[in-house]
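Trainee: Protein chains in written order, with our numbering: chain F, 1 to 364; chain P, 1 to 420.
Please keep in mind that the hints were generated in silico from the structure rather than gathered at the bench. Here a beta-carbon is modelled for each residue, glycine too, at the ideal position from N, C-alpha and C. Mixed in with the good hints, there may be bad ones.
[Unchecked claim] Distance condition first, Cα-Cα at most 30 Å in a straight line; then the derived DSSO-like pairs of lysine-lysine: (1) 61(F) x 402(P); (2) 320(P) x 37(P); (3) 320(P) x 268(P); (4) 402(P) x 63(F); (5) 253(F) x 354(F); (6) 26(P) x 37(P).
[Said to hold, decoys possible] Residues of chain F clear of chain P, computed beta-carbon distances all greater than 10 Å: (7) 74; (8) 175; (9) 248; (10) 257; (11) 297; (12) 298.
Each chain, written out:
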Amino acid sequence: MSATSSHRSFYGLILVAPFLVTLLVFFVYALIRALVYSFTDYNLFNEPEFVGLENFLGILKDKLFVTAFFNTVLFAVIVTSLQTLLALGLAVVIGGNFFGKQFFRVAFYVPSILSSAAVTLVFIWFYQNNGFLNGFLSDLVSHRRSLWILIAGFIFWWIALVAIYALRGRAVNWFDPALLLLSGFLSLLLCWGLSGSEFTTAEEAVVSVNWLGTQEYFGPLPRTMWAIVLQNIFTTVPTFMLLFLAGVQGIPKDLYEAATIDGASRWRQFLHITVPQLAPVTYVVVTFGVIGTLQMFDQVALMGEAAPLESRVTLAYYVYHSAFPPGGQPHVGIASASALILAAITLAVVYLQKLMGVREKANG
Amino acid sequence: MKLTLLKALTLTLLMVCTVTAAAAQKLTLAGWGGTDKAIIHGLLSEVLREDLRALNVEVEYLPIESNFGQYLMNSLSSGTAPDIFYVDVNSVDVLAGSGKLQPQSAAELQATMLPVLVESFEVQKTSFALPKDFNAYAVVYNRDVFVDAGVDIPHAQDTWSTLKEKLRQVVVALGDEGVYGACLKAGYTGGFSPLLLSTGWEPIGADGRTRLDDRFEQAFRFYISLFHDNIAILASELGHSWSGGCFGTERTAIAIEGNWLAGYLRDKAPNLLYGAVPTPLNAATGSAGNLLLSVGWGLNRDSKNMRLAQSVLELLTSEKAQRWILASGLALPSRRSMAQAVESATGRDAEAQLANAIYAGVNRGYVRPYSFGAYGDAWTDPINEALSAVLVGGVEVDAALKVAQQRFDDMYQRFQERLQ
Numbered sequence: 001m002s003a004t005s006s007h008r009s010f011y012g013l014i015l016v017a018p019f020l021v022t023l024l025v026f027f028v029y030a031l032i033r034a035l036v037y038s039f040t041d042y043n044l045f046n047e048p049e050f051v052g053l054e055n056f057l058g059i060l061k062d063k064l065f066v067t068a069f070f071n072t073v074l075f076a077v078i079v080t081s082l083q084t085l086l087a088l089g090l091a092v093v094i095g096g097n098f099f100g101k102q103f104f105r106v107a108f109y110v111p112s113i114l115s116s117a118a119v120t121l122v123f124i125w126f127y128q129n130n131g132f133l134n135g136f137l138s139d140l141v142s143h144r145r146s147l148w149i150l151i152a153g154f155i156f157w158w159i160a161l162v163a164i165y166a167l168r169g170r171a172v173n174w175f176d177p178a179l180l181l182l183s184g185f186l187s188l189l190l191c192w193g194l195s196g197s198e199f200t201t202a203e204e205a206v207v208s209v210n211w212l213g214t215q216e217y218f219g220p221l222p223r224t225m226w227a228i229v230l231q232n233i234f235t236t237v238p239t240f241m242l243l244f245l246a247g248v249q250g251i252p253k254d255l256y257e258a259a260t261i262d263g264a265s266r267w268r269q270f271l272h273i274t275v276p277q278l279a280p281v282t283y284v285v286v287t288f289g290v291i292g293t294l295q296m297f298d299q300v301a302l303m304g305e306a307a308p309l310e311s312r313v314t315l316a317y318y319v320y321h322s323a324f325p326p327g328g329q330p331h332v333g334i335a336s337a338s339a340l341i342l343a344a345i346t347l348a349v350v351y352l353q354k355l356m357g358v359r360e361k362a363n364g
Numbered sequence: 001m002k003l004t005l006l007k008a009l010t011l012t013l014l015m016v017c018t019v020t021a022a023a024a025q026k027l028t029l030a031g032w033g034g035t036d037k038a039i040i041h042g043l044l045s046e047v048l049r050e051d052l053r054a055l056n057v058e059v060e061y062l063p064i065e066s067n068f069g070q071y072l073m074n075s076l077s078s079g080t081a082p083d084i085f086y087v088d089v090n091s092v093d094v095l096a097g098s099g100k101l102q103p104q105s106a107a108e109l110q111a112t113m114l115p116v117l118v119e120s121f122e123v124q125k126t127s128f129a130l131p132k133d134f135n136a137y138a139v140v141y142n143r144d145v146f147v148d149a150g151v152d153i154p155h156a157q158d159t160w161s162t163l164k165e166k167l168r169q170v171v172v173a174l175g176d177e178g179v180y181g182a183c184l185k186a187g188y189t190g191g192f193s194p195l196l197l198s199t200g201w202e203p204i205g206a207d208g209r210t211r212l213d214d215r216f217e218q219a220f221r222f223y224i225s226l227f228h229d230n231i232a233i234l235a236s237e238l239g240h241s242w243s244g245g246c247f248g249t250e251r252t253a254i255a256i257e258g259n260w261l262a263g264y265l266r267d268k269a270p271n272l273l274y275g276a277v278p279t280p281l282n283a284a285t286g287s288a289g290n291l292l293l294s295v296g297w298g299l300n301r302d303s304k305n306m307r308l309a310q311s312v313l314e315l316l317t318s319e320k321a322q323r324w325i326l327a328s329g330l331a332l333p334s335r336r337s338m339a340q341a342v343e344s345a346t347g348r349d350a351e352a353q354l355a356n357a358i359y360a361g362v363n364r365g366y367v368r369p370y371s372f373g374a375y376g377d378a379w380t381d382p383i384n385e386a387l388s389a390v391l392v393g394g395v396e397v398d399a400a401l402k403v404a405q406q407r408f409d410d411m412y413q414r415f416q417e418r419l420q
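Bound conformation, chain P alone (with noise of 0.2 Å):
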């Protein structure tokens, strides 16, 4: 009797045993909600479900829909962060200097990847993200308003002047019927950063402070040129809140834009036939320029799960894993490998130029990424300021120079003192 009773026992307790090692363990992973929600689903469930089953992990995706950033803070200093989380690219100064974010060694995935990408995520040369993807402008032209205005297509070799003139005589040719060169916006995304980068200035000095110096200010006139010379336009004047919105419905000859613009044409425009080039070159310098939007993995430092988020991670980053985000059609995957991919990925020949123009464009030239250290987002408000000011509110460059510069001085002048 007790034999049998020892048995049950033992057979009780193997049993136990076995359903807790068969358990899979969990892991959480924060991002964006959104369209992100879906693509991080279908890549969890579909792409990766073989490769977790045989970690014996489950990941459990966290949309957020609200503040990601403010999320992330709240959930990193109260100890209830995920094991692995979106960083955006502008705040991994931030989460580095927080102590929560773990550092990456994985080096033999880093040289798979864009250098600039991974770059973008060091702080003193350690990196602190593996990037999953990211977007970068190009220029995506109308080959029917070229054609039609009898004027060269844009193509690599352009420089910001001879792009100019090209536009110029489209707008001599079409004008009358209602087509721009181009439709921007007064801010420093989108059309300016490429054309103010490629001339060599830097955002942010060593000294951390901002200068608008000679550079700037050459950019900024060339930009403040195209509307005066009614080539470009604002972009809420034709009653849209963005460039793609204006090229979608053939308005203009160019939109400098991103991947993204292939998904909203994709849907909206599907019959417009266009072509893409990267960013043009400043004449001076010979040099492209051009804003790095990006987003990496990060892994919590306090995780409990540390190798096997890390193992996660480089799931996520994995060659099948970057084929997903690519067919997804809104960011371009960090893997070198994948430039090539691009064709057979997308199938549609426009697309793939594009994304090999936002390829192409990140390895040439200035690439600089939206990130500003300590400042955070706030940096690029005197310049979208500055522009919207001389735009919109008639202002003369100079004066909003001046107030500029003041803007960033102050700027300055605060971080400092918090500093101290």
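Just chain F, same shape as in the assembly (with noise of 0.2 Å):
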């Protein structure tokens, strides 16, 4: 070895020392503690006692263990497609040229600079009982009639009109912006008109839906988790539409070019180019989408007592919770053994995803 490679090799080392040392200590002695330790009944105080497995069997046969995984998987599923898709859509939306581009790219962005305290309290006050959400939803079923007016002038007007092209013998899209803001605006007309007669008389209602202090279930989670997936989403979706719009500005213009020419539809290009161009993005952004979410432990501990532990519980928390119950005993011994199999599933899950096809490479 030359002594400019010697040189080489130790300035290098040099440079990567700060992150080696903190990945020694902070993972590398850390995952080795938690190994030792999910095998001992260890409460932070007494010496470690070698039980074997008897921490996994434990937490297996416990409710809570069982809710927080089906509750974090589900999660993990839900929160990372729709953000994905969502991310996808304003990239895509916010990457074309319209007026006041700038501001809606600042403006989509906003939540994810928040922070997540200042965001779960937001949500905590939106979820309350006689919170805006419950406020919200009173309103509109007290309108109930003037929306249903609404909605069936708004459906009335966009058939009128398509027929009133169609027998002028003009193409028109069904989706035309112009076509649906004119359907629009001549369905308020007419809810305007009717407005003070019986058609639109407001019937009070008021909505009182639990949304957080309940261990009740909508459809696979728990009402409160759904809570938490709308807050997540909201706060992650502008740092992974950022990704996305860096990928869409580099897909090369020749292709939509090309298959311009050729005829493919706006859809068809965004199916066969945007798609498929975004590989190695998509890739990205799905990996930090399942580690965010399987990971899910801030906004869920600042939920705190404004919900019930079950109805809000994750793995993440779960093990946390083992480690510092509030006011009870620490069970070292479970919370490292838990640690250890949600870093199973983590890595299990991104293998996984790879295996289903979210590629890293464009066309690969």
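Now that you have both chains on their own, put them together as the hints suggest.
Mentor: The following block contains the structure:
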């Protein structure tokens, strides 16, 4: 080995040393300790006593762990799917050319720079019994007659306008923005014209849904977890949107030009050019999404007493709750075992998504 | 020359020894952040300064703004814990079990304190902390509301039923003006625990199980009836997060709160004329119930200055230190003698009345600490959820109680498995 390459290796090592030390102390050492503790009965104060697989078998029988497991896996699947689709959709929309593009880019990105604590607090108020969501739903139900007229009017004008164009022999796209806007405007006029009549009389209604303080399920998840799903999507979509936006801007324009010449519609261009070309970004987004959602902790912890433990517990929170139960006995062995299970699940899911076709390379 | 050098060396050595001897020893003391930071700093620098100087000790306060329980567990287990620290009554079992908490044997000092407080820091008849201060619940009433409604004000001999009747009359008279009897929360703490405990119900039986028996059901149904009869309302429905908020804005006739309400009303509703009485009696048992919220001073068993720390601990619970705690207006001091000092210390009749009502409340009937052994705070979850399910979710009482009992059984099962 020449003196130059030795020097290079030495300086290289110096440069990576801070990262290596951090990795060794906070990852490798912590992982080994967790692995050791997972086979012991340890409460931070006693001498760790080897118990074999007892902790692993114990948590598999623990109803709270089972709840946390299903909450986490379903949360990860739902949030990762929704946030990826929404981020991709938003990126494609704001990647186009339209008036006020810069404003929308900033506006859509703002939620991701807000702190989790602040967002959680706002969402707790939002979901309160007398909060905004129930108030909004109460208003909708109270004005349901007007709402029906608005929807029916919109559909009526929409079909009518398409029919008028067709009768005049002019080709018209059903989803033409101008057509939709005009239908909306005319139905609003209709509503306004009928205001004050018995058709639009508001009937006082109070919607009082308990969004947080309940263990009731809606579909596969507790209602509280759905509230966290919405909150999490709100805060994570903008960051992923930015990643997709960078990807969208990197796709060669020639591909779209060629497709346009070949007569491909916008939708086909999206499906056959944009989506495949964004495969590397999608891989990153899905991987980050899966890891982030499987490790979901902060928004659950901040929800605190606003919601029952069973209806918000995730695996990451289960780990913390086992190690530091409020006022209770720490169970470090159980916390370590559940942390290892969470790590194994995370690893398995990331590999599974590769197997299921989320590719690292475009055209790969 | 040699002699001069020797003299100089001896002199230097003497000076070093003198300086070393004169240097005050340092002790660390950890507690909560927030308002406690100013209170404890004031206590150390103003009230106990001379005493600490006489002991030749410097005490540094470490205010912990994050999760105090977690901080304590980590620092005690890693050997970096302070010499003296707060011990919340709900964590005394776990901390005592850790072997890191020095047992307290200051019998003379403990004899000056309220017995119920001393007992709440005992684990298997051994005391593990000296009570610093405490809080419990009392019925605080708005005098003007009762006068305007033409209803007798609450008194110490009221039962829950007579109090309910008085509140019903207030609602009949002033309901049109948006006044309710009380705004309460769907949870164990607050109004429900004094009502529940007055039945003689034990939160955790000798076998470690929680049983939602007839006494529980009786209290539960009574509490729910306050809402169904339109006498009480959830605080959140009046736009508040606690019943003191509704009371301070004169939307309710009473609030069932602790001494912390005094400071809040002093700032937010200084013109509100209020009084206070102990929590009501249960007609069947003839006793009242109350929930004791308390913090004690604990000693680190691994402290290198145990004797000095014990002396500082005694200073922290001395009468003058307790007067300072009393003047802070948040919690009540643990010494019995302070009950008489309340009036002069606060200088306000209403505040003194509230403090006296709380002192009286913890000296009668079934008083239980906010402490649930190894279960921790999670023990309250099934009750909180059952109340919430009925009051917010419209679930039937029977169904809610069945779910809650199942959850208590699961909790018991889980801990039994972990203990095996």
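Trainee: Check the non-interface label on residue 74(F): least C-beta distance to chain P beyond 10 Å or not.
Mentor: Its Cβ never comes within 10 Å of chain P, the nearest being 21 Å, so this holds.
Trainee: Is the straight-line distance between the alpha-carbon of residue 320(P) and that of residue 268(P) 30 Å or less?
Mentor: Since the Cα atoms of residue 320(P) and residue 268(P) sit roughly 29 Å apart, the hinted pair holds (cutoff 30 Å).
Trainee: Given the proposed pairing of residue 402(P) with residue 63(F), does the C-alpha separation stay at or below 30 Å?
Mentor: holds, 17 Å
Trainee: Is residue 26(P) within 30 Å of residue 37(P), Cα to Cα?
Mentor: Given that 30 Å is the threshold and the Cα spacing comes to 19 Å, the pair holds.
Trainee: Quick one: work out the minimum CB distance from residue 175(F) to chain P and report holds if it exceeds 10 Å, violated otherwise.
Mentor: With a cut-off of 10 Å, residue 175(F) remains clear of chain P, as the shortest Cβ separation is near 41 Å.
Trainee: Is it correct that the beta-carbon of residue 297(F) has no partner in chain P closer than or equal to 10 Å?
Mentor: holds, 14 Å
Trainee: Tell me if the straight-line CA distance from residue 61(F) to residue 402(P) falls inside 30 Å.
Mentor: Roughly 22 Å between the alpha carbons, so the hint for residue 61(F) and residue 402(P) holds.
Trainee: Using Cβ atoms and 10 Å as the threshold, tell me whether residue 248(F) really stays out of contact range of chain P.
Mentor: holds, 42 Å
Trainee: Is the claim that residue 298(F) lies outside the interface with chain P correct, judged by CB distances over 10 Å?
Mentor: holds, 14 Å
Trainee: Below or equal to 30 Å on CA atoms is what counts here, so check residue 320(P) against residue 37(P).
Mentor: Judged against 30 Å, a Cα distance of about 18 Å means the pair holds.
Trainee: Checking one constraint from the list: CA of residue 253(F) to CA of residue 354(F), max 30 Å. Satisfied?
Mentor: holds, 28 Å
Trainee: Using Cβ atoms and 10 Å as the threshold, tell me whether residue 257(F) really stays out of contact range of chain P.
Mentor: Holds, because the least Cβ-Cβ distance between residue 257(F) and chain P comes to about 57 Å, which exceeds 10 Å.
Every hint from the earlier list agrees with this structure, and none is contradicted.
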